[in-house]
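Participant: What follows is each chain in one-letter form.
2 protein chains.
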Amino acid sequence: MNIYSSKLVENAVNEFSRLPGIGKKTALRLVLHILKKDNPVAEALGNSIIKMRSEVQYCRICHTLSDSDICVICSDGKRQKSIICVVEDIRDMMAIENTGQYNGVYHVLGGIISPMEGIGPNDLNIGSLVERAKGGSITEVIMALPTTIEGDTTNFYIYKKLKELGPDITTIARGIAIGDELEYTDEVTLGRSILNRMPYEKTLTK
Amino acid sequence: MNIYSSKLVENAVNEFSRLPGIGKKTALRLVLHILKKDNPVAEALGNSIIKMRSEVQYCRICHTLSDSDICVICSDGKRQKSIICVVEDIRDMMAIENTGQYNGVYHVLGGIISPMEGIGPNDLNIGSLVERAKGGSITEVIMALPTTIEGDTTNFYIYKKLKELGPDITTIARGIAIGDELEYTDEVTLGRSILNRMPYEKTLTK
Numbered sequence: 012m013n014i015y016s017s018k019l020v021e022n023a024v025n026e027f028s029r030l031p032g033i034g035k036k037t038a039l040r041l042v043l044h045i046l047k048k049d050n051p052v053a054e055a056l057g058n059s060i061i062k063m064r065s066e067v068q069y070c071r072i073c074h075t076l077s078d079s080d081i082c083v084i085c086s087d088g089k090r091q092k093s094i095i096c097v098v099e100d101i102r103d104m105m106a107i108e109n110t111g112q113y114n115g116v117y118h119v120l121g122g123i124i125s126p127m128e129g130i131g132p133n134d135l136n137i138g139s140l141v142e143r144a145k146g147g148s149i150t151e152v153i154m155a156l157p158t159t160i161e162g163d164t165t166n167f168y169i170y171k172k173l174k175e176l177g178p179d180i181t182t183i184a185r186g187i188a189i190g191d192e193l194e195y196t197d198e199v200t201l202g203r204s205i206l207n208r209m210p211y212e213k214t215l216t217k
Numbered sequence: 012m013n014i015y016s017s018k019l020v021e022n023a024v025n026e027f028s029r030l031p032g033i034g035k036k037t038a039l040r041l042v043l044h045i046l047k048k049d050n051p052v053a054e055a056l057g058n059s060i061i062k063m064r065s066e067v068q069y070c071r072i073c074h075t076l077s078d079s080d081i082c083v084i085c086s087d088g089k090r091q092k093s094i095i096c097v098v099e100d101i102r103d104m105m106a107i108e109n110t111g112q113y114n115g116v117y118h119v120l121g122g123i124i125s126p127m128e129g130i131g132p133n134d135l136n137i138g139s140l141v142e143r144a145k146g147g148s149i150t151e152v153i154m155a156l157p158t159t160i161e162g163d164t165t166n167f168y169i170y171k172k173l174k175e176l177g178p179d180i181t182t183i184a185r186g187i188a189i190g191d192e193l194e195y196t197d198e199v200t201l202g203r204s205i206l207n208r209m210p211y212e213k214t215l216t217k
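Sequence lines, in order, name chains A and B.
Numbering-wise (the working numbering), the first sequence opens with residue 12 and increments by one.
Numbering-wise (the working numbering), the second sequence opens with residue 12 and increments by one.
Errors might be hidden in some of the hints.
[Claimed, not checked] Beyond 10 Å from chain A on every Cβ pair, some chain B residues (computed):
(1) 93
(2) 134
(3) 138
(4) 142
(5) 147
(6) 150
(7) 162
(8) 168
(9) 184
(10) 191
(11) 199
(12) 202
(13) 203
[Claimed, not checked] Listed below are the simulated SDA-like cross-link pairs for lysine to any residue, each with C-alpha atoms no more than 25 Å apart in a straight line:
(14) B:35 <-> A:109
(15) A:47 <-> B:55
(16) A:62 <-> B:50
(17) A:36 <-> B:67
(18) A:48 <-> B:139
(19) A:48 <-> B:81
(20) B:47 <-> A:133
(21) A:48 <-> B:132
(22) A:62 <-> B:31
(23) A:62 <-> B:48
(24) A:172 <-> A:159
(25) A:47 <-> B:38
(26) B:18 <-> A:58
(27) A:18 <-> B:136
In case anyone wonders, no lab produced these hints; they're calculated from the structure.
Glycine included, C-beta positions come from ideal geometry on N, C-alpha and C.
So that you can see chain A by itself, here it is in the shape it has in the complex (with noise of 0.2 Å):
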């Protein structure tokens, strides 16, 4: 049975439930709230959607969201270009970004190494990141991924492919708790774990 008396709300409706985390019920909150808005406020909502995600592309150096060939961060020119933190996706990196404590640039791996969930180190941007690497600019590799079984395998990982080719490798300081996740970690504390990073070696001797 149809419920819906316009068939315009019933799209809305739905496609706003396929999105994660909204039901049908919050569908329809979100679609009556639009309705109560002038027409530019859903204009600005639905371009904005559409796009992003016609001319969004991936940073052909970093592999981070950017609205061009190379993003602004690897763009930049007072950043330190001989300086790259690893991160596992884009959201960790805009948490240190926020932090306003690193002035270096990123390698963003779109992932961690899982063989639970079949993502193995091929289905990552590592390649791109011993490529990096071997132009021998490179002084310091930081490693930010998270401190689990997964994160410490792609540490371990990445550590192998890098040491010979230079680059000090370091990981940016426990001070978060282990299991915490980075990207709702306070701004102090991932700052100050920035600052106190370690030499990677350190940590395996633990």
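With the hints as your guide, set chain B onto chain A.
Facilitator: Just chain B now, with coordinates in the frame of chain A:
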């Protein structure tokens, strides 16, 4: 400080977080989800929002959301036009439609009388309800407003306006617990309450 590497992503996050109950974190989660999907998925969502907002209208008769001048219920030859169910908003109408127990038509007030929120009778679609009743073809008006002081006030106000005009004025049975919201009531109880409606006067002598 700008933590986004992409203006497009930032815009989309900002637009999403204007919606009620959606913060920046949730908005980013939705945006990253959309980016993982194909282009047409984003277009379907974006266009459904824009199209709905620009094309949806209020039914000239019952004031529900409609794709045309007169809604599918008011223009349905199989619905009993002599019985009108008065509801606060479109969600309550949808809840009643969902029971499959009701074959009359509706009148959406667009709110209820609430001095606290500064909503008076003239802010609601009450005048047009009186006009409908004046036509003489309406035999029954079923009040399905919330069981609150505001709902009772609105019931009584409409009762006084309509009682000289001829139609029986009934209310849905109070099988629904006082204070509970119509839209969250289970279908059986809500359906029963439509079938067991009783004369409005009876509720006054309690």
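Participant: The structure should be examined with respect to each hint, and the outcome stated for every one.
Facilitator: Consistency of the hints with the structure:
1. 93: holds, 19 Å
2. 134: Correct as stated: the minimum Cβ-Cβ distance to chain A is 14 Å, above 10 Å.
3. 138: Consistent with the label, residue 138 of chain B stays out of reach of chain A, its closest Cβ about 21 Å off (over 10 Å).
4. 142: holds, 20 Å
5. 147: At about 26 Å from chain A, residue 147 of chain B clears the 10 Å cut-off, so the statement holds.
6. 150: About 23 Å separates residue 150 of chain B from the closest Cβ of chain A, which puts it past 10 Å; holds.
7. 162: Its Cβ never comes within 10 Å of chain A, the nearest being 19 Å, so this holds.
8. 168: holds, 24 Å
9. 184: Holds: least Cβ distance 21 Å, greater than 10 Å.
10. 191: holds, 15 Å
11. 199: It holds; residue 199 of chain B is separated from chain A by about 15 Å at its closest Cβ, greater than 10 Å.
12. 202: holds, 12 Å
13. 203: holds, 18 Å
14. B:35 <-> A:109: holds, 13 Å
15. A:47 <-> B:55: Given that 25 Å is the threshold and the Cα spacing comes to 21 Å, the pair holds.
16. A:62 <-> B:50: It holds: about 10 Å lies between the C-alpha atoms, which stays within 25 Å.
17. A:36 <-> B:67: holds, 19 Å
18. A:48 <-> B:139: holds, 24 Å
19. A:48 <-> B:81: It holds: about 22 Å lies between the C-alpha atoms, which stays within 25 Å.
20. B:47 <-> A:133: Status holds; Cα separation ~19 Å.
21. A:48 <-> B:132: holds, 23 Å
22. A:62 <-> B:31: Within the cut-off at roughly 23 Å; holds.
23. A:62 <-> B:48: Status holds; Cα separation ~14 Å.
24. A:172 <-> A:159: holds, 20 Å
25. A:47 <-> B:38: Roughly 20 Å separates the two Cα atoms, so the pair holds.
26. B:18 <-> A:58: Roughly 14 Å between the alpha carbons, so the hint for residue 18 of chain B and residue 58 of chain A holds.
27. A:18 <-> B:136: Holds, because 23 Å separates the two Cα atoms, which is no more than 25 Å.
Violated hints are absent here; each numbered hint is respected by the structure.
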